[in-house]
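Could you put together the complete structure from these sequences and hints?
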Amino acid sequence: MIHAATPYLAAFRARWQTTMRYRAAALAGFVTQCWWGVINIMIYAAFYHGAHDAAGTAPLGLHQTVTYVWIMQGTLALMPWSCDPEIADAVRSGAVAHDLLRPIDLWWWWSCRATARILGRLVPRALLIVAFAGLVLPLAGLGAWALRPPASLPDAALFAVSILMGLALSASIVVLLNIVTVRTLSPAGGSAVITPLALILSGNLLPLALFPGAVQTLLILQPFAGLGDLPCRFWLGTLHGGRAVLALGQQAAWIAALTMIGRASLRRTLHRLEIQGG
Amino acid sequence: MPPSPARIVVEDLRKSYRVATRPPVGPAGLAAWLPSRRPWRTIAALRGVTFTIEPGTITGLIGPNGAGKSTVIKILSGILRPESGRVTVGGLVPWAQRLRHVGRIGVVFGQRSQLWWDLPVDDGFALLRDIYRVPPTLYRARRARLVETLRLADFLDQPVRQLSLGQRMRAELAAALLHAPPLLILDEPTIGLDAPSKLAIRAFIRDLNRQDGTTILLTTHDMHDIEALAERVIVIGDGRVLADSPFETLRATTLSGRRLIASFDGPPPTLTLPEGVSRLPATGQTLALDFDPARIAAPDLIQLLTQAGGTAGTAPLADVTITRPSIEDVISRFYEHHASSP
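Going down the list, the sequences are from chains Z and Y.
Heads up, the final residue of the first sequence is numbered 278 in our numbering, and it's a clean run with no missing numbers.
Heads up, the final residue of the second sequence is numbered 342 in our numbering, and it's a clean run with no missing numbers.
Quick caveat, the hints were computed from the structure, so don't treat them as lab data.
Virtual Cβ for every residue (Gly too), placed ideally from N, Cα, C.
Among the clues, some could well be false.
[Unchecked claim] Not the full set, but computed from the structure, chain Y residues with beta-carbon under 10 Å of chain Z:
1. 40
2. 98
3. 103
4. 106
5. 107
6. 112
7. 123
8. 128
9. 278
10. 279
11. 280
12. 283
13. 286
[What the hints assert, rightly or not] If we take Cβ atoms under 7 Å as the criterion, some of the chain Y residues that face chain Z in the derived model are:
14. 79
15. 99
16. 114
17. 118
18. 127
19. 130
20. 131
21. 133
22. 137
23. 152
This is the structure in structure tokens:
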């Protein structure tokens, strides 16, 4: 069967396969994220126990925060850390010329590769974290530190939609980072800017709900919220009705906007690109 | 299925690059931080290149480093836009109709790999099949033939990073041909290869041209590639076409001379050299002479040496070798000639 999507599905499959080969990296990531998650939870537990008056008024209860931490640790691979490392190598060696020699739409090609790589890193780590935080911890008698299941079945479904949109969003940011790498000939600049922004603004460092009330609206509307915070809110069941629609709408809008920006800047970049060297 | 014609027409092609100059050291260099004061310098890579290549031919594109060969190749491949000039390949403008154009060409850069480093060769081929949307039956036939003629069977399941350079170049050639392009562009395909690998690659390219009628455009610094393959040579230097002719014509017009090396059994005789012969610094018992066969025939020169040898206390002539100038000599003489005459 040959159709329009054949090259892009092939790109996805190939990248997925190479990413799945890094099993030791997935295990190491899992161990680090468990460690990090436990430390985070101990800090939050200390805060919540120390602030007696906040117990009833905090935007998130302790068990919600614990679940939030585990979801964030499980989906850490969703963060757009840097451009595709293979693209960075190809830019250094000039082999990126070959990507331009293919009869394919480069934005879709890179986007499928990025999606496959993120998903290939995400799936094993997420499954391991869910097994550890959702099953092992309660069985070990540490139910207070465990990941709790989604608030309801519809909330779980909304979480799934939202996390998939987070995947698309992350891939579109990675493609932007690829373009920056092609233009500046180095992957360092782009990731130096994106990594801290993504970690803070996605809620990975601190749940966005715990930021000051005055900036809540801004925080929920900015693109990085869609990488973690919004899916987490669906899981916790704190988004309903109009706010749920708004959250999904903002994710879709950012995906569309970043896609358009990416395609336009890729077109401009290819227009003036010079593959250097003989 | 015979490949569709890939006639290449290049007219008055021009391209220049802008390079940043190094700002002066010291306080004056600070001005370079202001965007408007960034000192740029323009380098003309192509200053009006014109040629036409007919389908089914093998053409060699040669020239010293920095002459503009790679710029021509990049423009013909559709990955670089020229400033001005007209280019069509099989009726398409490479950079303007890039997606359609690149589906009809195969490109091998000797110094860059198009296969995926971590993927086994065969997986890379399958990926290329999907990229070029090659129908499965055509792909199977094409792949089987390339695996056989390029002897790839032994390492099809190895990741590309584990291949030797010779193996990798053979795999690269196959990768560029899976979609049966009517035009194959080879940028230094034999660079770094050992002699048997070079011969194998040359034989493959020749067969491909003869059997499939694939048009081949080749750049190289190995003049033996040119001699073995190219019917026609385009010499590029300083962004211009310096010569465009069959290789033999180039050789005849540039360096028609012969070199004679005579060895004697003792000290060589001193002779008065006839017109058209010049002596090279010789060592010991040999005498090296450059001569123009149009002015003195080789047998006459040998007769002269035979007669002179053994007279007046000198030794008789023992052996004679006559060589044509090497291809490297032809080309470097040619480059020198054009560098000195503007």
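* Structure-inconsistent hints, enumerated in ascending order -> 1, 9, 10, 11, 12, 13, 22 and 23
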